[in-house]
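Visitor: Following the hints, position chain Z against chain G.
Protein chains in written order, with UniProt numbering: chain G, 1 to 555; chain Z, 1 to 555.
If you're looking for bench data, these hints aren't it; they were derived computationally from the structure. Just so it is clear, CB atoms sit at the ideal spot from N, CA and C, and this is done for glycine as well. Hints should not be assumed to be uniformly reliable.
[Claimed, not checked] Here are the simulated DSBU-like pairs of lysine-lysine, each with C-alpha atoms no more than 30 angstroms apart in a straight line:
(1) Lys-510/Z / Lys-359/Z
(2) Lys-226/G / Lys-523/Z
(3) Lys-406/G / Lys-533/G
(4) Lys-412/G / Lys-5/Z
(5) Lys-510/G / Lys-523/G
(6) Lys-5/G / Lys-381/Z
(7) Lys-359/Z / Lys-226/Z
(8) Lys-349/G / Lys-344/Z
(9) Lys-442/Z / Lys-544/Z
(10) Lys-381/Z / Lys-344/G
(11) Lys-226/Z / Lys-413/G
(12) Lys-381/G / Lys-349/Z
(13) Lys-226/G / Lys-349/Z
(14) Lys-5/G / Lys-344/Z
[Claimed, not checked] Here chain G is said to cover these stretches of chain Z; the calculated rule only asks that three of the stretch's residues, wherever they fall, bring their Cβ under 8 angstroms from a Cβ of chain G:
(15) 211-217
(16) 351-359
(17) 419-433
Number of protein chains: 2
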Amino acid sequence: MEELKPSPANSCPLTPLGFLERTATVYGDCPSIVYHDATFTWSQTHRRCLRVASSLSSYGIGRGDVVSVVAPNTPAMYELQFAVPFSGAVLNNINIRLDARTISVLLRHSEAKLIFVDCASRELILEALSLFPHNTPRPALILIADENEPAAVNSTITGGDFLCSYEDMVERGDPGFRWVRPRSEWDPMVLNYTSGTTSSPKGVVHCHRGIFLVTVDTIIDWSLPKQPVYLWTLPIFHANGWSFPWGMAAVGGTNVCLRKFDASITYQLINRHRVTHLCGAPVVLTMLTNAPDNRPLDHPVHILTAGAPPPAAVLFRTESLGFVVNHGYGLTETAGLTVSCAWKPQWDKFPASERARLKARQGVRVAGFTEIDVLDPKTRKSVQRDGVSLGEVVLRGGFVMLGYLKDPIGTKKCMDDHGWFYTGDVGVMHEDGYLEIKDRSKDVIISGGENISSVEVESVLYTNPAVNEAAVVAKPDEFWGETPCAFVSLKDGLVEKPSEKDVIEFCREKMPHYMVPKTVVFKEELPKTSTGKIQKFVLREIAKGMGTTSRVSRM
Amino acid sequence: MEELKPSPANSCPLTPLGFLERTATVYGDCPSIVYHDATFTWSQTHRRCLRVASSLSSYGIGRGDVVSVVAPNTPAMYELQFAVPFSGAVLNNINIRLDARTISVLLRHSEAKLIFVDCASRELILEALSLFPHNTPRPALILIADENEPAAVNSTITGGDFLCSYEDMVERGDPGFRWVRPRSEWDPMVLNYTSGTTSSPKGVVHCHRGIFLVTVDTIIDWSLPKQPVYLWTLPIFHANGWSFPWGMAAVGGTNVCLRKFDASITYQLINRHRVTHLCGAPVVLTMLTNAPDNRPLDHPVHILTAGAPPPAAVLFRTESLGFVVNHGYGLTETAGLTVSCAWKPQWDKFPASERARLKARQGVRVAGFTEIDVLDPKTRKSVQRDGVSLGEVVLRGGFVMLGYLKDPIGTKKCMDDHGWFYTGDVGVMHEDGYLEIKDRSKDVIISGGENISSVEVESVLYTNPAVNEAAVVAKPDEFWGETPCAFVSLKDGLVEKPSEKDVIEFCREKMPHYMVPKTVVFKEELPKTSTGKIQKFVLREIAKGMGTTSRVSRM
Numbered sequence: 001m002e003e004l005k006p007s008p009a010n011s012c013p014l015t016p017l018g019f020l021e022r023t024a025t026v027y028g029d030c031p032s033i034v035y036h037d038a039t040f041t042w043s044q045t046h047r048r049c050l051r052v053a054s055s056l057s058s059y060g061i062g063r064g065d066v067v068s069v070v071a072p073n074t075p076a077m078y079e080l081q082f083a084v085p086f087s088g089a090v091l092n093n094i095n096i097r098l099d100a101r102t103i104s105v106l107l108r109h110s111e112a113k114l115i116f117v118d119c120a121s122r123e124l125i126l127e128a129l130s131l132f133p134h135n136t137p138r139p140a141l142i143l144i145a146d147e148n149e150p151a152a153v154n155s156t157i158t159g160g161d162f163l164c165s166y167e168d169m170v171e172r173g174d175p176g177f178r179w180v181r182p183r184s185e186w187d188p189m190v191l192n193y194t195s196g197t198t199s200s201p202k203g204v205v206h207c208h209r210g211i212f213l214v215t216v217d218t219i220i221d222w223s224l225p226k227q228p229v230y231l232w233t234l235p236i237f238h239a240n241g242w243s244f245p246w247g248m249a250a251v252g253g254t255n256v257c258l259r260k261f262d263a264s265i266t267y268q269l270i271n272r273h274r275v276t277h278l279c280g281a282p283v284v285l286t287m288l289t290n291a292p293d294n295r296p297l298d299h300p301v302h303i304l305t306a307g308a309p310p311p312a313a314v315l316f317r318t319e320s321l322g323f324v325v326n327h328g329y330g331l332t333e334t335a336g337l338t339v340s341c342a343w344k345p346q347w348d349k350f351p352a353s354e355r356a357r358l359k360a361r362q363g364v365r366v367a368g369f370t371e372i373d374v375l376d377p378k379t380r381k382s383v384q385r386d387g388v389s390l391g392e393v394v395l396r397g398g399f400v401m402l403g404y405l406k407d408p409i410g411t412k413k414c415m416d417d418h419g420w421f422y423t424g425d426v427g428v429m430h431e432d433g434y435l436e437i438k439d440r441s442k443d444v445i446i447s448g449g450e451n452i453s454s455v456e457v458e459s460v461l462y463t464n465p466a467v468n469e470a471a472v473v474a475k476p477d478e479f480w481g482e483t484p485c486a487f488v489s490l491k492d493g494l495v496e497k498p499s500e501k502d503v504i505e506f507c508r509e510k511m512p513h514y515m516v517p518k519t520v521v522f523k524e525e526l527p528k529t530s531t532g533k534i535q536k537f538v539l540r541e542i543a544k545g546m547g548t549t550s551r552v553s554r555m
Numbered sequence: 001m002e003e004l005k006p007s008p009a010n011s012c013p014l015t016p017l018g019f020l021e022r023t024a025t026v027y028g029d030c031p032s033i034v035y036h037d038a039t040f041t042w043s044q045t046h047r048r049c050l051r052v053a054s055s056l057s058s059y060g061i062g063r064g065d066v067v068s069v070v071a072p073n074t075p076a077m078y079e080l081q082f083a084v085p086f087s088g089a090v091l092n093n094i095n096i097r098l099d100a101r102t103i104s105v106l107l108r109h110s111e112a113k114l115i116f117v118d119c120a121s122r123e124l125i126l127e128a129l130s131l132f133p134h135n136t137p138r139p140a141l142i143l144i145a146d147e148n149e150p151a152a153v154n155s156t157i158t159g160g161d162f163l164c165s166y167e168d169m170v171e172r173g174d175p176g177f178r179w180v181r182p183r184s185e186w187d188p189m190v191l192n193y194t195s196g197t198t199s200s201p202k203g204v205v206h207c208h209r210g211i212f213l214v215t216v217d218t219i220i221d222w223s224l225p226k227q228p229v230y231l232w233t234l235p236i237f238h239a240n241g242w243s244f245p246w247g248m249a250a251v252g253g254t255n256v257c258l259r260k261f262d263a264s265i266t267y268q269l270i271n272r273h274r275v276t277h278l279c280g281a282p283v284v285l286t287m288l289t290n291a292p293d294n295r296p297l298d299h300p301v302h303i304l305t306a307g308a309p310p311p312a313a314v315l316f317r318t319e320s321l322g323f324v325v326n327h328g329y330g331l332t333e334t335a336g337l338t339v340s341c342a343w344k345p346q347w348d349k350f351p352a353s354e355r356a357r358l359k360a361r362q363g364v365r366v367a368g369f370t371e372i373d374v375l376d377p378k379t380r381k382s383v384q385r386d387g388v389s390l391g392e393v394v395l396r397g398g399f400v401m402l403g404y405l406k407d408p409i410g411t412k413k414c415m416d417d418h419g420w421f422y423t424g425d426v427g428v429m430h431e432d433g434y435l436e437i438k439d440r441s442k443d444v445i446i447s448g449g450e451n452i453s454s455v456e457v458e459s460v461l462y463t464n465p466a467v468n469e470a471a472v473v474a475k476p477d478e479f480w481g482e483t484p485c486a487f488v489s490l491k492d493g494l495v496e497k498p499s500e501k502d503v504i505e506f507c508r509e510k511m512p513h514y515m516v517p518k519t520v521v522f523k524e525e526l527p528k529t530s531t532g533k534i535q536k537f538v539l540r541e542i543a544k545g546m547g548t549t550s551r552v553s554r555m
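Okay, chain G solo, but in the shape it has when bound (with noise of 0.2 angstroms):
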């Protein structure tokens, strides 16, 4: 059978960008967005996005050409995700809550040609480009102006430094557009900047193929029905939504747009729109608990997590309301959901608190990924699944980034020739083959020689009814090298509020002594990176700067 190679026909490059035509012909007449009183149909958005790649188009804009957008969840920022490559060039979503020396540092990595900038990152745009050095070639600027933003800044007056309006690239456009196809399905089409942790963002990029597969494979994990209404909590800046803006359109959803995640704004638009599905961090579960009008729903909503080990205290909580919570687990360098915690039906006769705890677990691989594995650091082979061998979390399958962009040496160290994504993360395989993340390889505290998951810490912390948020991250310690240092933030409005030997108390009730935190910060609020994940890298100098303990009398 060796005669029989890919032709033509049977080997069409896949690509996400078809989804918005199909669902054009099927559901023109249906809503595609919705934003404050604006309604749009999939008809008018198809049209849309290709006048906006037609313009592109007629600026120079091609093939391989990166062009920013900094946005916050309109209308034009779902749209630009379809625009932006329907005109060749590769999508550079830009987080709006980076600082400008940051944002200038990416905009000259990644060469962009043109920026689409929202109005209410106009002066933070402007001062990022001052920032250029003299001579350095600068981007195009187009302005996203919207009414509803209150900001002073917002404007349809752009002259000066913008090209134009993002408005008259719609109209300016050719609805009858043909949108470029790529050449490849390895082709790029994505360039997403990890804002991480750490210091120093990377640029992952993805090509049309891995985002057409995490796509499909998010749709079948989450067995998303024919036209959901989906609310955008998830910022589409953070790894593209997970892919959600192409989903939508595959399965010719009603996508409701929002300017900045807030809870009570998004119980308001759950009844008003009768929205089904949202996503978010867990910390959007914190804030939709813990928020002051929260209340049980009156229609089922399904929430998909991710981003962070959620703590099953706060599933539990969330349940509790009636949303229904799936938790998944993906880096920006997967593009998506790489695994899943698909829930087994005889798992349905446990008591709620068991069901969180066994959903807290990130789970298994979606259907269509190749492989996931924890490997021993030492031997580099399978840890034994016992649910307790800690390991490095080692992936395989089509959305694995292609990589990172100018950066041969730290794509190489993240790929290696087995053929493994390394992920830097920290978990153990159950004896059930779900996989359950315990930390970063860089978070764990290792503390007489034990190894301390601080998200294990944490997850205790979280089920005591006063802590709003919790994180734990290493103390130096002369005796044992390292403590658990606990930071803490707590609910607003206790009637009492406990005491650093109150938390500890709380703790060595509910876990082995080794791993209590020695000590318990009480802060406002926890620093948080521009993706709303927790800055242990800031807890930890905190941390250092308190000094070592010189001695720890108990154990």
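Guide: Just chain Z, lined up with the frame of chain G:
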């Protein structure tokens, strides 16, 4: 970004075989297969498939060898869809309804090394092998016993011609066998002979990538939930049951096995197992609605129908019983659905008969497929989107076959350098972008220079309450060149049977005169292919044999 190339961590071959291992992890204790009083779990099915693959391997079967299976939809048949490719071999399901001579030709053409034979096909295969020329190597035989098969041929005593029984292979195999992953996703995985409606069968070869893509695309298109209960009314030997053996493993469904379609038994099984999904050619819908003991369902059952254009009247009657019908279009050459009649919400408001008419159209490409079009036979350009202009349906996408085995000319003929696969089906494109198949190229009737779609005439005949089945073919005519000739079988138990004149009058009221059949032939039953399609070439021969009509007075 040109430096970023595929690497072993992200370019692992796509294959549907990994679905089974994952589902054994998640749904290990849940039912995989139900057959009479036996139930298997996913954990058992996974281990049984690995055992059979291991035994195949110990017989020297490996990468690239062809292994044939001649069986109805039994548990073994389901397992072999995984077990054979697990061994690295190419899976070749053979239609049990073929005759010994044809099977003999196929086995020699495929050079099958080994055949799994269901007990009821034992004599058939022995006869097929007896037709092998002297000195031709013969495949090894494995007998699949089945205590539920009443045929006398059933016996656990194998010996003689048979190497061993299927259960022997299960028993002797190693459940820890490491299945043979494809080296490339373009490696052949299945070989399916199209019974077609002509006498020269062709060996369609699909690769792992193609089967993976059609499987995930169909899951999304049908919005398959997790753990559906799927009744195997569609023969697995018919284009691998449109790839649902792998699809059911992906979503952890329950496979209710069934040796032979029977309307009464189907209703019983639907009730007994709370069946949620099933597939079938339109003839299955006809049989379900015409069954004397048909009854409204007490829970929704989704039917996916494809394989031939369903008359709107049949769709209408099926939905009246409570079935939720989806309609799609594919070919053996595409491994499953490429097009489906995606439902537009605004159609809900139409009356049921109009809804059925809309649903009888083939529809739009499934989301992950690249393109479909209808080309004018002369200009080779897209026909007008007017619902009238006839042209050939052409396709391109990830699950178009690799090609026909040992037939480079046949392969080249249907897949040209423009990257289209030519289906040989004639259709129109409607204004709303929905495809409608009008006929096979060779089934179009050309009467007085007018093209008549036989399918269109048939769909009118089906609206006659007395008609059970109808097929219209060309009858040579001195004056008109050809005229439509209708073959009709009538329903059982009619009080008054219509005459030829009645049927012609019925048609005259409902279609242009030139389309009205000039001849109507009543038959007890229409001749069918082994896959249940009406054999138009047989009817055409009969029509020819009736001689040419010298003159037709009316027009």
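Visitor: Work down the list of hints and note, for each, if the structure agrees.
Guide: Structure-based check of each hint:
1. Lys-510/Z / Lys-359/Z: 20 angstroms, holds
2. Lys-226/G / Lys-523/Z: The given pair, whose Cα atoms are some 44 angstroms apart, is violated under the 30 angstroms limit.
3. Lys-406/G / Lys-533/G: 26 angstroms, holds
4. Lys-412/G / Lys-5/Z: 12 angstroms, holds
5. Lys-510/G / Lys-523/G: 23 angstroms, holds
6. Lys-5/G / Lys-381/Z: 27 angstroms, holds
7. Lys-359/Z / Lys-226/Z: 26 angstroms, holds
8. Lys-349/G / Lys-344/Z: Since the Cα atoms of Lys-349/G and Lys-344/Z sit roughly 39 angstroms apart, the hinted pair is violated (cutoff 30 angstroms).
9. Lys-442/Z / Lys-544/Z: Roughly 15 angstroms between the alpha carbons, so the hint for Lys-442/Z and Lys-544/Z holds.
10. Lys-381/Z / Lys-344/G: 52 angstroms, violated
11. Lys-226/Z / Lys-413/G: Roughly 38 angstroms separates the two Cα atoms, so the pair is violated.
12. Lys-381/G / Lys-349/Z: It is violated: about 60 angstroms lies between the C-alpha atoms, which goes past 30 angstroms.
13. Lys-226/G / Lys-349/Z: It holds: about 18 angstroms lies between the C-alpha atoms, which stays within 30 angstroms.
14. Lys-5/G / Lys-344/Z: 38 angstroms, violated
15. 211-217: Three-residue rule met by the stretch 211-217 of chain Z, so holds; n is 4.
16. 351-359: violated (count 0)
17. 419-433: holds (count 5)
Going down the numbered hints, you'll see the structure goes against 2, 8, 10, 11, 12, 14 and 16, while the others check out.
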